[in-house]
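Engineer: Sequence lines, in order, name chains A and B.
No gaps in the numbering here: position 78 of the first sequence is 78 in this note's numbering, and each next residue is one more.
No gaps in the numbering here: position 260 of the second sequence is 260 in this note's numbering, and each next residue is one more.
Hints are not guaranteed to be accurate.
Unchecked claim - Cβ-to-Cβ under 10 Å is the rule here; a few derived chain B residues that face chain A: (1) L23; (2) A26; (3) D66; (4) L67; (5) A72; (6) R74; (7) L212; (8) R215; (9) A217; (10) A218; (11) I219.
Keep in mind that the hints were calculated from the coordinates and are not lab data.
None of these values were measured; they are calculated from a predicted model.
All C-beta atoms, glycine included, are put in the ideal place defined by N, C-alpha and C.
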Amino acid sequence: MTVATVDNPSLTTSRSDADDVALAANGDRVAFERVYRTHVNRVFAVCARMVADRSVAEELTQDVFVRAWSKLSLYRGESAFTTWLHRLAVNVVLNARKSEGRNRTRFGSEPDEVDTLPHARSSSWSPGLSVDLEAAIAGLPPGARQVFVLHDVEGYKHEEIAEMLGITAGGSKAQLHRARLLLREALNR
Amino acid sequence: MTIHTMDCAALEERLADYLEGDLTPADERQVEAHLSSCARCNALVRELEQIGADAAELPVLTPSRDLWSGIARRIEAPVVPLTARPVPNVNRRRNFDRLRNAAIAAALVAVTAGVTYKLTVTRGLGGPASTTVAKARPMPDTNSAAPARDEAQTRSVAATEAPAPTTSSDTPQSPATSRVSAETVRNTPESVTYSREIDRLRTIFTRNRSQLDPRTAAIIEANLRVIDEAIAQSKAALAQDPASRFLNDQLNNALGKKVELLRTAALLPNRT
Numbered sequence: 001m002t003v004a005t006v007d008n009p010s011l012t013t014s015r016s017d018a019d020d021v022a023l024a025a026n027g028d029r030v031a032f033e034r035v036y037r038t039h040v041n042r043v044f045a046v047c048a049r050m051v052a053d054r055s056v057a058e059e060l061t062q063d064v065f066v067r068a069w070s071k072l073s074l075y076r077g078e079s080a081f082t083t084w085l086h087r088l089a090v091n092v093v094l095n096a097r098k099s100e101g102r103n104r105t106r107f108g109s110e111p112d113e114v115d116t117l118p119h120a121r122s123s124s125w126s127p128g129l130s131v132d133l134e135a136a137i138a139g140l141p142p143g144a145r146q147v148f149v150l151h152d153v154e155g156y157k158h159e160e161i162a163e164m165l166g167i168t169a170g171g172s173k174a175q176l177h178r179a180r181l182l183l184r185e186a187l188n189r
Numbered sequence: 001m002t003i004h005t006m007d008c009a010a011l012e013e014r015l016a017d018y019l020e021g022d023l024t025p026a027d028e029r030q031v032e033a034h035l036s037s038c039a040r041c042n043a044l045v046r047e048l049e050q051i052g053a054d055a056a057e058l059p060v061l062t063p064s065r066d067l068w069s070g071i072a073r074r075i076e077a078p079v080v081p082l083t084a085r086p087v088p089n090v091n092r093r094r095n096f097d098r099l100r101n102a103a104i105a106a107a108l109v110a111v112t113a114g115v116t117y118k119l120t121v122t123r124g125l126g127g128p129a130s131t132t133v134a135k136a137r138p139m140p141d142t143n144s145a146a147p148a149r150d151e152a153q154t155r156s157v158a159a160t161e162a163p164a165p166t167t168s169s170d171t172p173q174s175p176a177t178s179r180v181s182a183e184t185v186r187n188t189p190e191s192v193t194y195s196r197e198i199d200r201l202r203t204i205f206t207r208n209r210s211q212l213d214p215r216t217a218a219i220i221e222a223n224l225r226v227i228d229e230a231i232a233q234s235k236a237a238l239a240q241d242p243a244s245r246f247l248n249d250q251l252n253n254a255l256g257k258k259v260e261l262l263r264t265a266a267l268l269p270n271r272t
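In isolation and in its complexed conformation, chain A is listed as follows (with noise of 0.2 Å):
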């Protein structure tokens, strides 16, 4: 699960990250380019999937670095650079969909209540083939496929799920199974 290797430092932050998390905290900005350079992949991943659109992740995934480098400072390295990065990631997402979703609440249309997926990029689903996944993640309902993303992919628990989406442990739970099943249809149309 990522989570195993997010919460180890040793794995995934170099010595050489390190040092330029610590540079960039004080304000090198080359530095801050090589942590850019090393993370942007991994931010921009979670982006995208939780927004299921590349070019609004890739907006966020900027928001994201510019929030870094602003909170930079407040980094203590309690946790894992790559966790406090992941989690600022989240949060910048779960905000920026906070704000759409007041938004939209304007027009009276909620996505998360549709209940079918459109179909994935095949008819029929073969395990393994993860540009198919991808599709059918990308298709499920907003809060669903946070979930599901946050938990399946990104291995966080429930109950921090929980914490970041103003919801109950239960809740996760629930969207999770839903995503799940979702997707299981998804792939075997």
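Chain B: place on chain A using the hints.
Structural biologist: Quick look at chain B alone, frame taken from chain A:
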């Protein structure tokens, strides 16, 4: 131990907890007993477990473009422009508070300067000595301790205030004020700075006025008129008693308030 049989519907109800490992051992055994005898439910469970396993193995993704240039631009040191800038709504209250405080301060200055002016004029009207006082500077009066440089400084500031559009033109000048002409006052660095700052800020405010909320602009202009009146009264009083340190301070205070108010106005966001 007896294991009760479970139908497919019952299994589906418990499936989420089963996959999360949240069932009691007894319930778990019931589920597994059903799975061993039902190919359909068994396939369902295997597929759901496979989805979770595949999700954990998804590769990292790569953006379609290099995002660094956009990030680098945004983390440059922010420069706050003097022109209109977007400010969260919470600042509106702060801006109005500033304006209100400036208005209160300006009113206090105006009242104080007015009272002083009245007192000075009343005293000056007591006899022809008043004219003499104004002309024969520096007359060692009650303010004899005031150094001559203070006088020169104050009068310079008063004179350089003239370029501001609303100062001398909008306010009727007393005969005493008119006697302190710009020609007779030399420009000190302080007075030049005051004048330049007021001119600069007034230009910005004038340029941005149409972008401001009309109500806000009206409040600012009303406050500027109050301050200008205080400035004019201080100048008039100083013309009667050029060596007065108190009047000196009053005039400087009023000029400072004008700069402060204009600066606040120049920094106001659009439609605030």
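Engineer: Which hint numbers does the structure go against, in order from smallest to largest?
Structural biologist: 1, 2, 7, 8, 9, 10 and 11
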